[in-house]
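Just need the whole structure built from these sequences, with the hints factored in.
Chains as they are written, first to last, in this note's numbering: chain A, 1 to 291; chain B, 1001 to 1327.
Keep in mind the hints are simulated off the structure, nothing from the lab. Take the hints with a grain of salt, since some may be wrong.
[Said to hold, decoys possible] One side only, chain A facing chain B, incomplete, derived with CB under 10 angstroms:
#1 Met-66
#2 Glu-95
#3 Met-109
#4 Leu-213
#5 Asn-217
#6 Ile-264
[Unchecked claim] Here are some chain B residues the structure puts well away from chain A; computed CB gaps all over 12 angstroms:
#7 Met-1005
#8 Leu-1015
#9 Leu-1061
#10 Tyr-1113
#11 Leu-1135
#12 Leu-1169
#13 Gly-1172
#14 Thr-1181
None of these values were measured; they are calculated from a predicted model. Glycine is no exception: its CB is placed at the ideal position from the N, C-alpha and C atoms.
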Amino acid sequence: MGAYLTQLAILGVLLGGLYALAAFGLSIIFGVSRVLNVAHGDLLLLGALLSYALFYGLGMHPFLIMLAIIPIFLLVGFAFERFLIRPISNRSPHELLIASILLTLGVSMAVSDLSAWLGGASAKGIAYSLPSISIGSLVFPSIRLLIMALILAMTLVLSYYLKSSYVGRAMRAITQDREGAMIVGVNIPRVSMITFGIGAATAAVAGSFYIILFPTNPYLGIPLTVKYLAIIVLGGLGSLSGALLGGIILGLAEQFSGFYFGGIWQQPVAFILLILILLIRPQGIFGRSIT
Amino acid sequence: MDGRMKKLTLVGAILIVLYFAMVPIISDSTYSMSALLIFFLYIVLAQSYDLVGGHLGYMNLGHSSFFGLGAYVFSILSLRAAPGSVSVLAAVAAVVIFSLLISYPFFRLRGAYFALAMFGVILLFERLAFNLEGLTQGTAGISLPLPPAGSSAFSMNYLVSSYYLGLLLTVGTLVAWAILTNSKFGLALHSIREDEEVAETFGINSYRYKTAALALSGIPAALMGCIFAWSQKYIHPESVFGLEITLFPIAMAMLGGTGAIFGPLVGAIFLTGVEDIIWTNVQAEYGKLTAYGIVLIIVAIAMPHGMIRTRLLQRPLRFLGLGWLAT
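This is how it looks when you write it as structure tokens:
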């Protein structure tokens, strides 16, 4: 029993890491450009489908695909910001929120429909696995461990970049005080564009992991976006470690509720957590108060 | 605007309603009736969403949870052979009680946080409808029994009767909303939307108004849920809590222009029209949602205040003496 629970905890943490990687992009996008990107789960979907095409079309190694995906989706993110978000970015906060939800909802619908059209509506997966490692009575699925290690590496690189680079400091400045950042000469449109690039690239990489671990169908975009929203609300907006912690909490909660109450109760956990956290601590468990 | 124009407009509105009332008589095509019923459904949901989403300024992404809750309470009771009137009353009561229960905790949140929490509510409801199989029959959905032969003409022709009930509800909602939003109550909602703190200083008990608005907005949605369940004779978690029913009415209200009676109406007419054109002309299995999505993108970029506030629509509306319903 104890071993089984430990096993569940490990799976939960590994699942949470995958959630966190994509959720972080949503979080910085909301922080920097105040856009609630409903299409974020669909960026993950696109990343997953592109890796599927590269894996079966060109026979690339699943972990090399990741390297190909990062530059492609940086450009996708840049284009997304430049052509869709920039035209609405000057509106008042309330109008921007409404327009951004409408717009990204439109993108999300178009993406899932087009990908169902081009690739079929059935669930897909990449058949790639590694032998599991067992230590005593514990079994570690090594593919998940490897993915978790890659996610941790990416998180470290990203957090170093965001801490030390000019763009990273500008992002935090904009999140904290938009007008103040403008006054000291931060080029908000450009930083916003880079933010979308990073957000899209992290989501797409998460997608290329996702399709190795789970069956992926064209309609999972919006449900995933809601999961990520629950995570960033849990961890507080705009914080990388908050997203990681929020993701792990959600992953653990899903694994344990699935174990104790049956698999059908895994899905609602994210929504219950989202509502509870918003009601009890709107600023997130670890977040500071946001006005 | 002079009185004559207003009278003409009123006569025009009555003629339009009469035309819709004639539809089942002049054509007995079930297609047009069920299509128009869906059209009524979108108008009622978009309009009732707008009381909280537009007039009060709290984007309620979970508005359709009232619709789905109404549909489920109605169906569950009907399945246990409760009379129709009891099931409808219970559905409305359930929605009102639910909205009163959630209003205190949820209205402490603002902006995107309120929207997200309500979105969480509807997703949770969908899951509950799937999982609580004893009550909702889960993925199988609830099939309502067809009326037995020899029952009253009203229940035999359930498509015609639900068409008329839908029309009645639509007209009733539009009239009630026009009166409500141009009353002192509406003024209070608008002042809360503009600045809640200032409204409080002027003696408006914002919590009470917000609660009332949420409960009121739930009533037409709950009634529409009953009509929907009664006309379809079958409900499923995805058909009443799914993403389409959650997001389309809100997209319609935002597209037409929030905070004015004509906004959700124009949005519903436009999007249902677009949908119909796409549905009938695009034969492929896919491509429809894409077209719908592209319409949303164009509207979000090109019409920041909704269609009714574009110059193209403002002029004729003013000319008809309807400017007061569209600003």
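Against the structure, the hints come out as follows:
no.	hint	verdict
1	Met-66	violated (28 angstroms)
2	Glu-95	holds (6 angstroms)
3	Met-109	holds (4 angstroms)
4	Leu-213	violated (22 angstroms)
5	Asn-217	violated (14 angstroms)
6	Ile-264	holds (5 angstroms)
7	Met-1005	holds (32 angstroms)
8	Leu-1015	holds (33 angstroms)
9	Leu-1061	violated (8 angstroms)
10	Tyr-1113	violated (6 angstroms)
11	Leu-1135	holds (14 angstroms)
12	Leu-1169	holds (26 angstroms)
13	Gly-1172	holds (27 angstroms)
14	Thr-1181	holds (18 angstroms)
Checked against the numbered hints above, the structure violates hints 1, 4, 5, 9, 10; every other hint is satisfied.
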